[in-house]
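Protein chains in written order, with my numbering: chain B, 1 to 214; chain E, 215 to 428.
Quick caveat, the hints were computed from the structure, so don't treat them as lab data. Careful, some of the hints might be misleading.
Okay, the calculated beta carbon distance ranges per label pair [claimed, not checked]:
| no. | chain 1 | residue 1 | chain 2 | residue 2 | range |
| --- | --- | --- | --- | --- | --- |
| 1 | E | Arg328 | B | Ser193 | 17 to 27 angstroms |
| 2 | E | Ala400 | B | Ala131 | 51 to 61 angstroms |
| 3 | E | Val411 | B | Ser159 | 26 to 36 angstroms |
| 4 | E | Trp308 | B | Thr21 | 22 to 32 angstroms |
| 5 | E | Ala345 | B | Asp187 | 51 to 61 angstroms |
Facing chain B, from chain E, some residues (calculated, C-beta under 7 angstroms) [unchecked claim]:
| no. | residue |
| --- | --- |
| 6 | Gly271 |
| 7 | Val272 |
| 8 | Trp399 |
| 9 | Val421 |
Note that CB positions come from ideal geometry on N, CA and C, so glycine has one too.
2 protein chains.
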Amino acid sequence: MAVRVDLNISLDGYATTTDQTPENPFGEDWGRLVAAYTATRTFRARVLGDPSGGTTGVDDRYGAAYFENIGAEIMGAGMFGLHNFPDDADWRGWWGEEPPFHCPVFVLTHSAGRAPISFDNGTEFRFLDAAPEEALALATAAAAGADVRIGGGVDTVRSFLAAGLVDRLHVGITPILLGRGKNLWADLRGLESDYAVTSEVAESGVVHLTFARD
Amino acid sequence: MAVRVDLNISLDGYATTTDQTPENPFGEDWGRLVAAYTATRTFRARVLGDPSGGTTGVDDRYGAAYFENIGAEIMGAGMFGLHNFPDDADWRGWWGEEPPFHCPVFVLTHSAGRAPISFDNGTEFRFLDAAPEEALALATAAAAGADVRIGGGVDTVRSFLAAGLVDRLHVGITPILLGRGKNLWADLRGLESDYAVTSEVAESGVVHLTFARD
Numbered sequence: 001m002a003v004r005v006d007l008n009i010s011l012d013g014y015a016t017t018t019d020q021t022p023e024n025p026f027g028e029d030w031g032r033l034v035a036a037y038t039a040t041r042t043f044r045a046r047v048l049g050d051p052s053g054g055t056t057g058v059d060d061r062y063g064a065a066y067f068e069n070i071g072a073e074i075m076g077a078g079m080f081g082l083h084n085f086p087d088d089a090d091w092r093g094w095w096g097e098e099p100p101f102h103c104p105v106f107v108l109t110h111s112a113g114r115a116p117i118s119f120d121n122g123t124e125f126r127f128l129d130a131a132p133e134e135a136l137a138l139a140t141a142a143a144a145g146a147d148v149r150i151g152g153g154v155d156t157v158r159s160f161l162a163a164g165l166v167d168r169l170h171v172g173i174t175p176i177l178l179g180r181g182k183n184l185w186a187d188l189r190g191l192e193s194d195y196a197v198t199s200e201v202a203e204s205g206v207v208h209l210t211f212a213r214d
Numbered sequence: 215m216a217v218r219v220d221l222n223i224s225l226d227g228y229a230t231t232t233d234q235t236p237e238n239p240f241g242e243d244w245g246r247l248v249a250a251y252t253a254t255r256t257f258r259a260r261v262l263g264d265p266s267g268g269t270t271g272v273d274d275r276y277g278a279a280y281f282e283n284i285g286a287e288i289m290g291a292g293m294f295g296l297h298n299f300p301d302d303a304d305w306r307g308w309w310g311e312e313p314p315f316h317c318p319v320f321v322l323t324h325s326a327g328r329a330p331i332s333f334d335n336g337t338e339f340r341f342l343d344a345a346p347e348e349a350l351a352l353a354t355a356a357a358a359g360a361d362v363r364i365g366g367g368v369d370t371v372r373s374f375l376a377a378g379l380v381d382r383l384h385v386g387i388t389p390i391l392l393g394r395g396k397n398l399w400a401d402l403r404g405l406e407s408d409y410a411v412t413s414e415v416a417e418s419g420v421v422h423l424t425f426a427r428d
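If we strip away everything but chain B, and leave its shape as in the complex, we get (with noise of 0.2 angstroms):
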């Protein structure tokens, strides 16, 4: 059992963007950073649900593994949406029915009380206000002996990687420099001393970085 961490990051460390507008949600930065990963089989695949067409290369083997083997996984409210809905008792994520999941989810909210949210695809949101510590165990237990995978967003990351909790962080570096956002390396320093460092390039110039501990 392993505690994971995925992330699309920007060469200047950033895992957010700024750039959106009224008329463009997502904004164009989003798109550039991750375009390597949509662009793969298997966000087609297990994302959009398209079996057809997609890359096959290096980012598609990271993309393949991200799905793997992960029993639970915990998020921060913002990444479920509490930040944007946080009136809207009736919120379900922003997945519609089909949340790519498949798995026990824990999202840490200060507000919690929230009914479990349950779908057909094995997906359940379960509310919680504790600390990494407290959520990590109880998603392990969820996970029964597999994975659990600290979905994002950032700051929640971040709280993980500073408590020691993390086993394996990816990071998928687009380079690009969005200048702005969140940072996913500010006051981690020495983070490297816990873990053996890999590099590997994909064909689309994109720079996976693993940090890995037994």
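Keeping the supplied structure of chain B fixed, place chain E upon it in accordance with the hints.
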């Protein structure tokens, strides 16, 4: 003729280190940041004057390219040492009597008026108070068709990048997190739009990224 930059940076973008002490004037971080480069055959031969040993892989290929076809260099006052020894009129730089430049080196300083310093190996330090464009015009003339290197430090490199004067930026990214220092990437949002970016991983784990334009 191209304007070139080569820097070793950490995964979080720092090209300087901050852990210097009186007992350890370089600090430990600097050695870790440049370890793969200083291990190369090229560095040993060209900088240490020791033609034996050293690595001969990807890092060495970039190390050797660093020395090719440079006709003039531009550096900041800090890199030359003027900030450390502002009152020493006899200061001749950090490099002793064999500075590894073998060409004119234009040192940007607001306290101009220092006399040039010449060495038998072709290095000549010339001091001037000039904007990037003006310094580059002088260096380009001195280079007589060969390339001009912007040597450092980080502030000087960033001023040339921000002014759009750099044709080829090569960074060797060591996968360590320094967490503080001077960050190469600050305020360079969108830099990639003027360049083709290529990536390569060395045997050492260092990721070599090159921003190049015609």
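Violations among the numbered hints: 1, 2, 4, 5, 6, 7
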